[in-house]
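Student: Given the structure of chain A, go ahead and fit chain B onto it with the hints provided.
Sequences listed follow chains A and B, in order. Heads up: the first sequence runs through residues 162 to 600, numbered per this note's numbering. Heads up: the second sequence runs through residues -6 to 437, numbered per this note's numbering.
It is possible that some hints are incorrect.
Unchecked claim - Facing chain A, a subset of chain B residues (Cβ under 8 Å, in silico):
hint, residue
1, Ile19
2, Leu97
3, Arg178
4, Ala307
5, Ile316
By construction, these hints were calculated from the structure, which means they are not laboratory data. Computed from a prediction, not measured in an experiment: that's the story for all the values here. Note that beta-carbon positions come from the ideal geometry of N, C-alpha and C, so glycine has one too.
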Amino acid sequence: MPLSSTAPAFLALRYLRPKRTFVSVITIVSILGVALGVGSMVVVRSVMKGFEVDFRKVLIGAEPHALLSVDDSSGATRAPATEEEWRRVLAMARGQAETLSAAPVTTGVIYAEREGAQTAMPFFGLLPDESRAHLEKLRKHLIDGDLALAEGTIVLSDEKANDIGVRVGDEISIYASGNVNTMVKKFREAMDMRDEKKRKAAHKEIKLRPRKVRVSGVLRASSGGWYAYVPMKTGQELLGLGQGVSGVAAELRDPERAEEAKSKYTGSGALPAGWKVQLWTDAGEARLAAMQNEQIMMLLVLSVIALVAAFSVMNTTITVTTQKRREIGVLAALGSEERQITSIFVIQSAVVGVLGTLLGLAGSFLLLWLRDDVRGIIAALTGGRVQAIEGVFLANIPALVSPLDVAVTCVISLALCLLAGFIPAWFAARVEPAAALRD
Amino acid sequence: MLMFRRFSIFLGLRYLRPKRSFVSVITIISVLGVMLGVGVLMVGMSIFKGWQVEFRKMMLGSSPHVLLSRQEAPLPPPGSDLPPVPRTSWREVLRLVQSRPEVLSAVPVTSGIVAVESEGEPQILGGLGLPPEGAEALIERLKKQLAEGSFDLEGDNIIITDKLAARLKVKVGDSVVIHSADNLRKLMSEVREIEEKAEAAREEADYDGVTILPQELTVTGLLRGEFLGDRGYFPLHIGRDLFNLEGDDVSGLEIELRDPEAAEALRVAFFEMPEFPVDWEVHAWSDGGGTLLQMVENQKSLMYFLLLIIMVVAAFCVMNTTITVTVQKRREIGILTALGTQTGQIIRVFLAQAAVVSVAGIVMGLVGGGLFLRWRNEIRRLVADLTGRDFFPQDIYFLSSIPSEVQTADLLSICGVAVLLCLLAAYIPAWVAARVDPAVALRD
Chain A
162 MPLSSTAPAF LALRYLRPKR TFVSVITIVS ILGVALGVGS MVVVRSVMKG
212 FEVDFRKVLI GAEPHALLSV DDSSGATRAP ATEEEWRRVL AMARGQAETL
262 SAAPVTTGVI YAEREGAQTA MPFFGLLPDE SRAHLEKLRK HLIDGDLALA
312 EGTIVLSDEK ANDIGVRVGD EISIYASGNV NTMVKKFREA MDMRDEKKRK
362 AAHKEIKLRP RKVRVSGVLR ASSGGWYAYV PMKTGQELLG LGQGVSGVAA
412 ELRDPERAEE AKSKYTGSGA LPAGWKVQLW TDAGEARLAA MQNEQIMMLL
462 VLSVIALVAA FSVMNTTITV TTQKRREIGV LAALGSEERQ ITSIFVIQSA
512 VVGVLGTLLG LAGSFLLLWL RDDVRGIIAA LTGGRVQAIE GVFLANIPAL
562 VSPLDVAVTC VISLALCLLA GFIPAWFAAR VEPAAALRD
Chain B
-6 MLMFRRFSIF LGLRYLRPKR SFVSVITIIS VLGVMLGVGV LMVGMSIFKG
44 WQVEFRKMML GSSPHVLLSR QEAPLPPPGS DLPPVPRTSW REVLRLVQSR
94 PEVLSAVPVT SGIVAVESEG EPQILGGLGL PPEGAEALIE RLKKQLAEGS
144 FDLEGDNIII TDKLAARLKV KVGDSVVIHS ADNLRKLMSE VREIEEKAEA
194 AREEADYDGV TILPQELTVT GLLRGEFLGD RGYFPLHIGR DLFNLEGDDV
244 SGLEIELRDP EAAEALRVAF FEMPEFPVDW EVHAWSDGGG TLLQMVENQK
294 SLMYFLLLII MVVAAFCVMN TTITVTVQKR REIGILTALG TQTGQIIRVF
344 LAQAAVVSVA GIVMGLVGGG LFLRWRNEIR RLVADLTGRD FFPQDIYFLS
394 SIPSEVQTAD LLSICGVAVL LCLLAAYIPA WVAARVDPAV ALRD
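So that you can see chain A by itself, here it is in the shape it has in the complex (with noise of 0.2 Å):
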């Protein structure tokens, strides 16, 4: 055998380094294009990653991890959870591995009022000693006052609060949305009844249960999102439930696994019939798909320049088999096998590769580093038209490394350059020996 196994690498790098002729300089350009498709693919993929994280943050910010309660979208007359079904629910939902912690809650729409201003929000009424991990989540978005949601109290996030004029100490009106429905036709029924005793007894049933409560705490909107929470108890005159609740809210170990904890719920046979399971991804599900599907979108054409770059890499290692067509066929007439000539130079663009890649990781690592910096020197010389790329309520840009989303980058252009290394090699090496001698 007339070459050592290090002969491949040998040449291959012998090759990159050439004196006096031009290779080197096709080959920073071929690293350079490498670099390119690299670095683009990564910061790309990293600021697409965090504009979704930070989106599923601010989901995940409020919401129970999944509230199990009466299936009322299909319109039909809303008959509350009974006693009974609820306490299986609740014992099903703190019996599965996946839950945290379960407590029984009151949920709907409400109105709330003061001095002629107002606004209408979801809410939840709930137990504080029960639900105190949902409670605890609630705090990082507390911007005054507190979270105790002692008796008579509501604690509402402060765009609702602004709406109406009021802040942390302030007394509001607040009434179930439902009730206005009922309020409404009754009131209308009432108007068309020409016997004054009838009418009378009409108005005896309009029932819009209106409540006094105290502001104690204050949440920010745009993190915590537009519900406003208040006791159990309170949820429960609201909505005229007595004793009963509208459903189940539970926290879940893994958030990001809900799916699961929800066949879990649906499968376990304790669900009764007529009950759903909604889940914190279930409120920006449209707004999810859209960000996994531009990400599928941008790594296609993320692909586009990695191979754009591999035809650069291609055209080096084309133009360095022709130069050394006739050391490759003194290497086969030495009785090198053809294995051995095409590694030299699929070593070659290996070399180029591997540099482009690391010079593209380093590059967009350091630009996603400044990207605050970089965006802001846009913005100057742009005159401020730049500003939050998606155009979303996220104050700066966020950025999340993915080590997987970065070994996949760095595979598909490592391959990439590698195929487009090994063709013109392979034809390289297939040359007669003779044949090129002669040339």
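Tutor: Chain B in isolation, oriented as in the chain A frame:
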């Protein structure tokens, strides 16, 4: 002149197809790179543009060009003895509007927020009361969106969007009860105050003092609501009853423009008009989707920037090819220089070569991109069948098929960038090569 005039181009082409050498292969690969860059840019830009165009078309199809609506008069600050702002007459506003040259027609309407109820929860929506005549242009546009029934504003009728009807669980021919949101709010407040009184203090008269002005209307048509949210259209006089308007008073003006694109300009013009009353709000047709359109515009520029990177990498490929060719032809360049050829002419040899590469790449890219766009919906179906993933779900993008709008300006800028980058990529090595010392080149 040493040689005939087209010498640069002649040599450039000659070097593109050498006999028995490899340069043509690397040239083809460079062309492929440019092709991919141009093709992907063209497809990306056209789909984004198409979406914007379709989306605007949909917005324009279901909105008045401009809607002026009178708001509650601003209350004087408490404690001040300023007189309340006098209510402005709609006739004066109409006169102002009609004095503008870009306005085609303007008719009085009644507009406001209403609550519609049937079986389930009351639904809040924007209501527009249209006069029997004068708003034909808008009605014609809306008729195109009819999914069911007819656009009949003769009797006590209402036309609503289909998604709203689904939530209300009503069909064409069913009747619904409609309140103005203001009245309902007052009713809620008054009933709440009565209930908050002690039981003994409550009087029957309390309830008699509460007024409610519901209207019972028949649903005669359903509009495809796609994305503009819930809307309701009813006759002008119904709106008058709903919004407590006296006599021939109205609460808004519906304006049709000669050119819908002038809506924004008209808004600015109204703002700058000193005699335009402050309590009238201007709503242009494009307002509804503003943030969404802005978001897509942002994404489009981000995409353009990313796709340019493909072009840059493709230009690297062209540069590599040019370097290879210049080094290969070093002796020839030396001979040409020795014979008295100017540096510029030699540079042009290689520029001509790069130009051929870029033009070939552009043409192939445009053809490839055009073909992709032509079959885009078939491709999408194929991908969906293969991967089980729809890349263009209607609930996110509002459109059932992928839109595309090939814009000449976009194409020109793509081609221009491609040619520029390729020429620049070739210029650098060509410039270096042309400055070679003939003696050195010939000696090697």
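Student: Report holds or violated for the interface hint on Ile19 of chain B, using the least CB-CB distance to chain A and a cut-off of 8 Å.
Tutor: 4 Å, holds
Student: With 8 Å as the cut and Cβ atoms as the points, is Arg178 of chain B at the interface with chain A?
Tutor: Nearest chain A Cβ about 6 Å off; hint holds.
Student: Would the hint on Ala307 of chain B stand, with a C-beta cut-off of 8 Å toward chain A?
Tutor: Holds: closest Cβ of chain A sits about 5 Å from Ala307 of chain B, inside 8 Å.
Student: Measuring from the C-beta of Leu97 of chain B to each C-beta in chain A, is the shortest one below 8 Å?
Tutor: 33 Å, violated
Student: Verify the interface restraint on Ile316 of chain B: the C-beta must sit less than 8 Å from at least one C-beta of chain A.
Tutor: 5 Å, holds
Hint compliance for this structure: hint 2 is the single one not met.
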